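Visitor: So the protein sequences, as listed, match chains P and S.
For any residue, its number in my numbering is found by taking its place in the first sequence, counting from 1, and adding 7.
For any residue, its number in my numbering is found by taking its place in the second sequence, counting from 1, and adding 12.
Just so you know, these hints were derived from the structure itself, not from any lab.
Incorrect hints may appear among the rest.
[Said to hold, decoys possible] Restricting the straight-line Cα-Cα distance to at most 27 Å, the calculated cross-link-like pairs of lysine-lysine (DSS-like) are:
no.: 1; chain 1: P; residue 1: Lys151; chain 2: S; residue 2: Lys141
no.: 2; chain 1: P; residue 1: Lys18; chain 2: P; residue 2: Lys151
no.: 3; chain 1: P; residue 1: Lys160; chain 2: P; residue 2: Lys146
no.: 4; chain 1: S; residue 1: Lys227; chain 2: P; residue 2: Lys116
no.: 5; chain 1: S; residue 1: Lys241; chain 2: P; residue 2: Lys54
no.: 6; chain 1: S; residue 1: Lys141; chain 2: P; residue 2: Lys109
no.: 7; chain 1: S; residue 1: Lys20; chain 2: S; residue 2: Lys128
no.: 8; chain 1: S; residue 1: Lys227; chain 2: P; residue 2: Lys32
no.: 9; chain 1: S; residue 1: Lys15; chain 2: P; residue 2: Lys32
no.: 10; chain 1: S; residue 1: Lys241; chain 2: P; residue 2: Lys18
no.: 11; chain 1: P; residue 1: Lys54; chain 2: S; residue 2: Lys227
As the structure is a computational prediction, the values presented were derived from the model and not from experiment.
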Amino acid sequence: MQKLIRIDPAKCVGCKTCELSCSFKNTGEFAPSRSRIYNEVFIEEAKFITVTCMQCDEPWCEKSCPKNAISKDMASGVVTVDDVKCVGCRTCVSACPFGMIKYVDSTGKADKCNLCAGDTPECVAFCPTQCLTLDEEDKPLRQKMLRFVNAMKDGQMEV
Amino acid sequence: MNKAWQGKLLRVDLAAGTCNVEALNEEWANNYIGGRGLGSKYFTEEVSPEVEPMSPENKLIMATGPLTGTYGAANGRYMVITKSPLTGTIACSNSGGYFPSELKYAGFDMIIFEGKSEHPVYLQVRDGKAELVGAVHLWGMSSNDTEEAILSEFHGDAKVACIGPAGEIGVHFACVINDKHRAAGRSGVGMVMGSKNLKAVAVRGTGGVQVADPKAYREAALDSYGVLKENPVTGEGLPALGTAVLVNVMNQNGGLPTRNAQSGTFDKAEDISGEALVAGELRRVKSCMGCIISCGRVTKITDPRYAGEGEGPEYETLWALGAACGISDMPAILQRIRHGPHLPRFDNRLCHGAV
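Could you put together the complete structure from these sequences and hints?
Guide: In structure tokens:
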């Protein structure tokens, strides 16, 4: 299975360190507006939601690119923009249903998460609560399922 | 100049209604450490010691430091520097949240407010530009409602620092509230802001903060995380129990101000402790921008007498509105810090003095 950034929203504290570390590594500046991962804070609802590119198996951004600048690497599974081929037409930006690829004014290119190209993703390395992990297995999903299972178990009577 | 400074300050003349961008004084920025150091230097150079806190000649400075907007140990803070109406001397009240970093991303290290506006106004800052706009429609609103209104009329991603009714009507311990639940609480800086007819500052910034040596900075930040995580207070106490961790600690040491400080121990301290909060009202722990300590508490009161939700309490809330008043009813204490149309934002610690 493919290694992906796995997100456990229950562990997030809304510190936006992921946005800071991502932008610092990839742009040289602490600029959340240019981060490739997004941490949104909803205080009254007590919810913190973190989202980033899911490296789709059949990426809409890839399909839509008229210059074939976007490709999915078969070995790593990472969907990457080739800056040499990208002409900045923003078709991919329209195509991605999740808003996870964007156009950057200063470079004139499309920009998205590439899982830090083989290094440990910087957001994972800096996340203070291990809300973010890089894993083949979707452990947060299994934990969520197990919470449900345990609730069912506790409600089960012996017959 | 240190690369992490943006090198610009915003000077807002409230009487004239003008906003001017100035270069930061490089010599001062190098010689006076951080937002507090530099802001205090500007203040003492520009404001005479004889100026009355409530006079238009008093200035109000919102200052960030070079590290604000970066990751590392508790960096996302700003200072509100002015002459305090409480003490008559220089005040330096600070707060975290997301507003301070946003000010850096908008390209400014500092805002200096001068004079007094004739009518209520608020400041809109957007990527290096700023303008004063009317705030008559916001005057009288709670800090929460003010922020909501500004987000809908200015920019949904803006970060807001504002005053509620306490600052407007001149309560001596009024706060400047940012991001709804973070407070520059000490010294009554909200009262000075109100005296200038300045309701709020709203900032939207999409720029970035650079550092001189990114590789070394990254290592230093990771080191600082190590220090914070190994320390029992910042590594265990604050993340687990928030600043409320201090209730039991202070009580055990005889330093919990109880029944108007007649005693240093409260027999019902357990009921208003960080531990009680975790067992009862706590929903989530929360951090400020770039901080890994996560001492913020998002709480919900299910008790039908006081049902509500939001952020807090801090240790100050619990001793000032709890132990010091002889109250051990946690929902009742929390209800006091909840937002509502008629609940002004006070410094909890000083509010107790008035109670």
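Visitor: Evaluate each hint against the coordinates.
Guide: Cross-check of the supplied hints:
1. P:Lys151 <-> S:Lys141: 46 Å, violated
2. P:Lys18 <-> P:Lys151: The hint holds at about 12 Å.
3. P:Lys160 <-> P:Lys146: 20 Å, holds
4. S:Lys227 <-> P:Lys116: 25 Å, holds
5. S:Lys241 <-> P:Lys54: 24 Å, holds
6. S:Lys141 <-> P:Lys109: 25 Å, holds
7. S:Lys20 <-> S:Lys128: Given pair S:Lys20, S:Lys128 holds - Cα atoms ~23 Å apart, limit 27 Å.
8. S:Lys227 <-> P:Lys32: 9 Å, holds
9. S:Lys15 <-> P:Lys32: Between S:Lys15 and P:Lys32 the Cα gap is close to 17 Å, so the pair holds against 27 Å.
10. S:Lys241 <-> P:Lys18: Within the cut-off at roughly 17 Å; holds.
11. P:Lys54 <-> S:Lys227: 33 Å, violated
Checked against the numbered hints given earlier, the structure breaks hints 1 and 11 and satisfies all the rest.
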